[in-house]
Structure formats: C-alpha cells, structure tokens
Amino acid sequence: MTINVDRPCGTFDSNYYQAMEIFRTPLRKFLMIAFIVLLYAIAFILDDYIISILIVFCAFSIGMTGLQIITGYAGQISLGHAAFMGVGMYTMAVFQEHLGFNFWFALPLAGLVPMIIGMLFGVPAVRIKGLYLAFASLAAHFVIVYAINNWRSVTNGTDGMYLHRPGVLLGIDFMIDKYYYILVLTVTVIMIYFAKNLSRTRLGRAFVAVRDNDIAAEVMGINIAHTKVLAFGIGCFYAGIAGAVGGGYYEYVNVEWFTLTDSIWYLGFLVVGGLGSIFGAIAGAVVWKSLDELSTLVTPITEALLGGMAFYASAAFSLVIYSLIVIVVLVLEPRGINHRWQIIKRSYRLHPFPY
Amino acid sequence: MAVDTRDIVKKREQRYSYGLTLLRDCIEETRDLPNEEDFFKKNVLRVEDITISFGGLNALSDVNLELREGELLAIIGPNGAGKTTLLNVISGFYKAQKGDVYFQDTKITNYSSHKIAEMGICRTFQNIALYTGLSVIDNIIAGRHPHIKYNFLNGMLYFPWARREEARQRAIAEDIVDFLEMEQVRNTTVGMLSYGLRKRAELGRALALEPRILLLDEPMAGMNLDEKEDIARFIVDIHEFLRIPIVMIEHDMGVVMDIADRIAVLDFGLKIGDGTPEEISKNQKVVSAYLGKAGEQ
Amino acid sequence: MEDLLKSIMLGLASGGIYALVAVSYVIIYKSTRIFAFSQAGMLVIGAYTFWQCLVVWSLPIWISILITLAIAAAIAIIIERVSMRPLIGQPILAPIVVTLGVMLFLRGIALLFWHGEVEGYGEAFLPLGVWHVGFLSLPKIQVYGFIICMLVIALLISFYKYTRTGLGMRVVHEDHLVAQNLGINVKRIFQYSWIFSCAVAVIGGMLLGNIQGVGLDLDANGLIAIAAVLFGGLESFGGAVIAGLAIGIIQIFAIQYLGALLPGEITMLVPFVFLLLILLIKPYGLFGLVRIERL
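Chains A, B and C are the protein sequences, given in the same order.
So the first sequence is residues 1 to 355, counted in our numbering.
So the second sequence is residues 1 to 297, counted in our numbering.
So the third sequence is residues 1 to 295, counted in our numbering.
What the hints contain is simulated information worked out from the structure, not anything from laboratory work.
In silico DSS-like cross-links for lysine-lysine, where the CA-CA straight-line distance does not exceed 25 angstroms:
hint, chain 1, residue 1, chain 2, residue 2
1, C, K282, B, K95
2, A, K196, B, K149
3, A, K289, A, K196
4, B, K95, A, K129
5, B, K95, B, K115
6, A, K345, A, K29
7, C, K6, C, K140
8, B, K95, B, K107
9, B, K115, A, K129
10, B, K115, B, K98
11, C, K282, A, K129
12, C, K30, A, K129
Okay, chain A solo, but in the shape it has when bound (with noise of 0.2 angstroms):
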C-alpha cells in the first residue's frame, strides 16, 4: 500500500478546506509567520551591503517565480524572460520621466505592459512547444533589445535611464534603503502567495495539465492556447514587478543589464533551484545572487594573482562556474535543490526509520 510521506505524520484532514490549505500544521504556519517577521527585523540590524544584497535576492525571487510560471507550471520555455525584466523597469522609467507619474501607479503598469508584450510573443505558443517556442523567446529577446536601444525618444538609448523610488510615505522615507528593503520584501511576499494560490486553484492545474500533456488537456476541456498565453502573460507580469523594484533600488536602468546571457542564467538556475516548485524558483534566484556576490568578491583576488589584467576574469569565472554547476545539476539532479529539500523533511519526518 502506498503511504504518503509528502505530508506531516498524524495530520488529517476532517474537510476539504484542510485539504487545501498551504500549510498542514500550525506548527508550519507559525515557522513561516517567524520566517517572514524575521526578514523584516533584520532590515534594522543589518548594515546597507546586506540589504543590498536581500533587495537583489527578493527581487530575482519575484522574476524566478515569473519564470517558473511559464517553464515549471506550463512548461513553456522562455529564453527572454530577462529581456521581459529590462521592460518592466523601463516601463517604469518612462512613465515616471515621460508622463510624470509616481512610484505607486507606475509599478503595476510595469507588471501589465510586460504582460501584453509577453502575451503577444506568446501568442507562437499556441501552434508550437518545445524547441521551436524557444527559439521565439530568443526572437522575443533580441527584438525587444533592438526596440530599448533604437527607440531612442521613449528610451534614451543605450544612454540607460532614471527612474526613483517613491518619496515619504505615511511618515516612512523609502529613499532610506533599508525602508526601500521592507518595500521590496512586501511586494515580494504578496507575489509569491498570490503565485502560490494560482498553483493551487484552477488555473494552476491547466497550466500542469498542458506541460505534461497538452494533447489530452486539449481532449479533456482546457483551452491551451488560452493557456498557455495566459501563463506567458502572469510570468512576465512578474518580470516586470520584479524589474521595477529591482530597478528602483538602483534608480537607474541600462539596456545592458539584461543580456541573452542573463536570460539563459534565468532558465538554467530555475532548474537548478528546482522546476515546478515556489520553492525551487526562490532557491534558484538565491543560489544565482549569491554566486554573483561571490564572483565580484573574487575580483580582488584575481586581480592580485593576475595583475591588472584581471578585468576579464570576474566575466569569465561566472560563465564558467555558473555553466558548470548548471550542467552538473542537471545530469546528477535534474529535479534541482527543490528535490533535496524534499528529501531532509521526508527523513525528518520519519525519523527514527530509514525510509
């Protein structure tokens, strides 16, 4: 007989609501809720570089969750979703410098015109999968790259553009940057909950029945080209959440932050994170960040080993390192980090016994 051990030993569920709640003991829910009050309180503890680094790792988080969206749940792939992050934090620049507008109404306009722009590139989805969409989303990339750098009246060109945070609000001033973090790590948050309810109700379960067999979803009354461009739509709409606060903290925005390189990153550390899992696309974007804080702490010492000439190096140790552990995960764990830490609750629940 099978046993589920995907769940916590001696819980039941007495109703349907139960069995689809997000957290199955109070326990859990209460870990999460500490978790979450944490990351706030460290904003007053730790010094700016750290928050640095937490507003990089939050925002990434949003746009891996995008991704996973449309790669994870619908299992379309997209090799532009970083091209979709570069719109959404022009958007963002444009209607703050071109029509004035602030922070606050700016921002779910970065969310939607990526969103229409990445429905439309979607719209190939609806007659090919596989190795053929992914060669539109790489279409997809250099034409948007072509439009940010010709378009020079709306985009200023390859020049990059300015864009502000939002100014004193309620008496908080987000110009502080540790303000600016708990900004990020709200939007953050409602992001991944709101990903994590589309996971669980209807819509969620189309996208998982059109990636693991679009045919039967078809067969079985779920229009998949509706689908599918609805997922493309949802995952750059988070790609261009999370290039607006990304691009905030920074309160400028180059066409050259966002290469095919990054887009490749994107896909291949989602893997390595873990597909199909809210978890996995956070792990992802982590490990990614972190090994980028990694390869700038590097420099220094390259460029002591090397001489001045180490200015290729940094470059050169992420495409290598990163390609490497991409590759490796992928032919050792294909199911990514997501699979291992499934692996230690599994162990962790049943305990005293191997298996």
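Got chain A; can you put chains B and C on it based on the hints?
Same frame as chain A, now just chains B and C:
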C-alpha cells in the same frame, strides 16, 4: 430490454447512493437526463460519411455511425482498422477530410476539441494520457476545469467564493474517487501508479467532465481478469446510474458480448457490420474478417 | 540592377557560412533530436584556436587546421560523453538548458584564454585582395570562404549518402529504437554526429574569423544560423543550405532597403523577425518533417 433497465437503475441507485450522486446532481442541474420513454430512441451522436487519410493511407472511408440515448456501443475490429481514429475525429482531435459529426443535431465537425469536451463528449485514451505530475485527486479536479466558475484573478487572490468553489469541486472529485475505489491512492502522483490504476484514474477524469457521451478507448487493454471485471463493473454502473451513452473500443470479445447493447465492426477503415451481439456473431462478413476460424466453429 | 546583383553576391557570401553553421546544427539534430546551441560557442573556440596555432605559434596552415579539428573532436567527445549522454530520454528542457550552458561555458573558456580581444589572421589564412568581375568587386576571402563552405557541405552530404556510417546515421534519424534493434550502435552514432558537427562548426569559425575578425561576438552568427535551420526545417541538409543562403540575402536586402526605416544595428533583428514569421506561418520549415501526433 428497456423495461429491465428501469428496474436495474432503481436498484443501482440504492446500492450506489454513496458514489457518483454529487456528479449526477451536477449533470441533472445543467441538462435533463433522458426519461424512460426516450431511452434507446433518440439519436445523440451521428457520424456521417467520415473519410480521413494520412498520406496515402485511408484510415477511414465513408464511415457512418449512430449512437442512441442510453446505449452501450462497442466498436471492434483488428488493429489498424481505424477505431481510435474514429474517436479522434469525434472528439475533434483529427479533422475529417469529408463528412460531418453531429451531436444532438448540432454540427460539431469544426469545433475545437476543448469546445467539444465542454459540450460533454468525454473520453479516455488508448495509451494513458494522464497529467503525470499531478496526484489522482488533482487529475480529477483538473478534469472539472470547464465546470469551475471563477477566473484566474479570483484564484490568485484566493477570495472566499473561490475557496468555497474549490471545496465543492473537491467534494465532487472525492465522490468519483470513492466510486472508483481509489481512496488509498488519491494523493499519490499518477506517474507512480500501476497501469490498471492509471486507467482507472483516467476514467475518473473523464467522468469529472460531466459527460453527455463517454468514449472509452480500450479501457481494459493489458489488464488481468480481476482488473477487467472491476472496469467492466464501473462501466456498467456508470452506464446505468448516470444513464449516459457509452462508446467503447475493446478487443476482449467476452466482455463486449456481455455488456454491449450494440456492436459496430470496422475493418481497414470500412464499417462492415453493425447490430446486436447476436446479429454480429452471425454476420458472415464479420466472422470471416475478424473472428476468423474461431467464429466458424 | 547592379546594386541588386551586388547585394545578392554579398548575401550569398555571408549566407554560405550561415548554411555551414546551419548544417552543423542539422547533423546533431538529425541523429540525436537535440538542438545543439553549443555550436555557437564552437565557432568562437574554433576561430581562437586556429588563430593561436597560425598566428601566435606560426605553425603551417595544414597543421593548424588539423590541430583545430582535433581539438574540436576532443571537445565534441567530452560534451557528448559528460553532458549529453546522461540526458537521453529527459524532457526537452534539459538538453536545451545544457547545450545553452555549454555555449556559455565555451564562451567563458575563450574569455579565460584569449581575454576577449579581437584578433585577425592577417595574410596567414586566405589571401586578401579583391577580384573585379565586370562591375562587381569580389573580396577573395569571401569567394574562397563560400567555395570552402560548399565543398564541406557537399562532402558531408556524400558521406551521408555513400558510406556505411552515413547510412547508420540516416537510420538513427528515423528511429532510435529501431536502429538499436538493427544492430547499429546508436551511442556511437551520436558521438560521430557530435564530432562531425563540431568539426563543421570550427571550420565555420575559422572562415568567420577571417571575414569578421576573431572575437567573442562570432557566436552571434551561430544564433543567426538558427533562423536558417528553422526556415529549412530542422532535419534537412538541402533545406539548411538553401535557407542559409536565403537568410544571407534577406539580411543584406533588409540592411540596404529597410536601413533607412530602421535605425541602428539590424543584423540581429532581421533574421529573428524572419524567424518569428516562419514560426507563425510554417513552424516546421520548408523541408521539415511534420510528425502526426497520436492519441
């Protein structure tokens, strides 16, 4: 025969009052189940002169088929006779080059597959096509997709009405799980189930769509006797309790002769026989084409 | 008329190399059904290795070519053994991500060894200078490059047609399991495909290095060739060649006639917009195989 069925239906209703009742209520809410007079009379599905070929190969040529209300129609024929192709045409997955399909006098030839499924033509597949990453219960709820009435924003924000709707759908799905006797494995990922259980889960997913017509593509292929008997029992129960017509492709002649009301025989894309089991077993054309020597004895 | 002919000649010259790179994708796709994005990286590695041998170490041209090909074969074997073989049977995302990872890995290696500086072969490889034919002026590099591309492709096609291994490759293309049952060593065939493909890619890299200069940006040509492969259909050599030449010509035409409308650098934009159009209109290309889906 019709008189017998009425009694049986009542008996089954008492016996299976715990299973499928919610689903039956759902079906009755949206459409009328046929009353006793119409049983066996009305046409629900009509396939007219269907022709389809792949490359030079004629998969089906001028096939006509009728399905009457409350009927259990078996389609038999050797491998490659075009049985699955016929089901694919009905469910809109293949587009026929010639001919039309009518569902209750609505022409559905050019409808897209998901529209046809929403109208109530639901099916299972020869090679199991479940959503391998989902658990059994989620597969069945995913089958409820067209009948869940909230949009994705409500789902994302998880409003109370979306939550209530989810719970209602889960109740219906659990009902189907109970009926199919899969309670033990309801939370197991279907990829890890045995072949027989997967076939059963697929039947459950088709049921979840509130079928008006159920198309079963070799529901008992590759099963042992016990499993076959289970599936046969489910099919008969569904047929009688929900009073829906069923089209079934099956190779096991014993089962077909036992439970089918009518049999259609396909051979090389042509329909060579159509009638009650007794008629078919006497039809010389069918005997020589399909049953071969065994039939002549 | 003169302009038109000139553009066509220019387009053919760059199209020849796209065709060659496209063929290197097709070789791998035909036997393994994996699209090897990594070949874009092989272009860079090939160009730099050849430059290292020819210019830095001043080796004779034939030895340089042999060393470059040998290195390409070695890399091919490593890629196939280490990263591709464990992925047989995995969902489509895994090989896509791994080959993209290999592409960036090769780029990183090139950056590590050659520091990303743009180099040139000078006079050491193909002769410089220009031929004048009527009103046309043909740079010798491009003419030789085009001829070499076509020769390599012709050699490959005849290899597929007339040798035993080539026959095996065509059988593997039809069905892996059937081929295995017929006694063909499918894994060996995969390995051969990778070796051939990488060899073709480094030849493309050498020629590109001669025309555009040896640098990290050569892999953009590999990405452009993707549009060609798709246009021709992923499984067809003939299609890849025709489509490669077509992409070259379309690119030049677009630069000449649309350049006024579209500002900036459109060498990357044109092939990819074209690719999007193909995907919308005829996703399986001109000569691609449309597989009938079954239920």
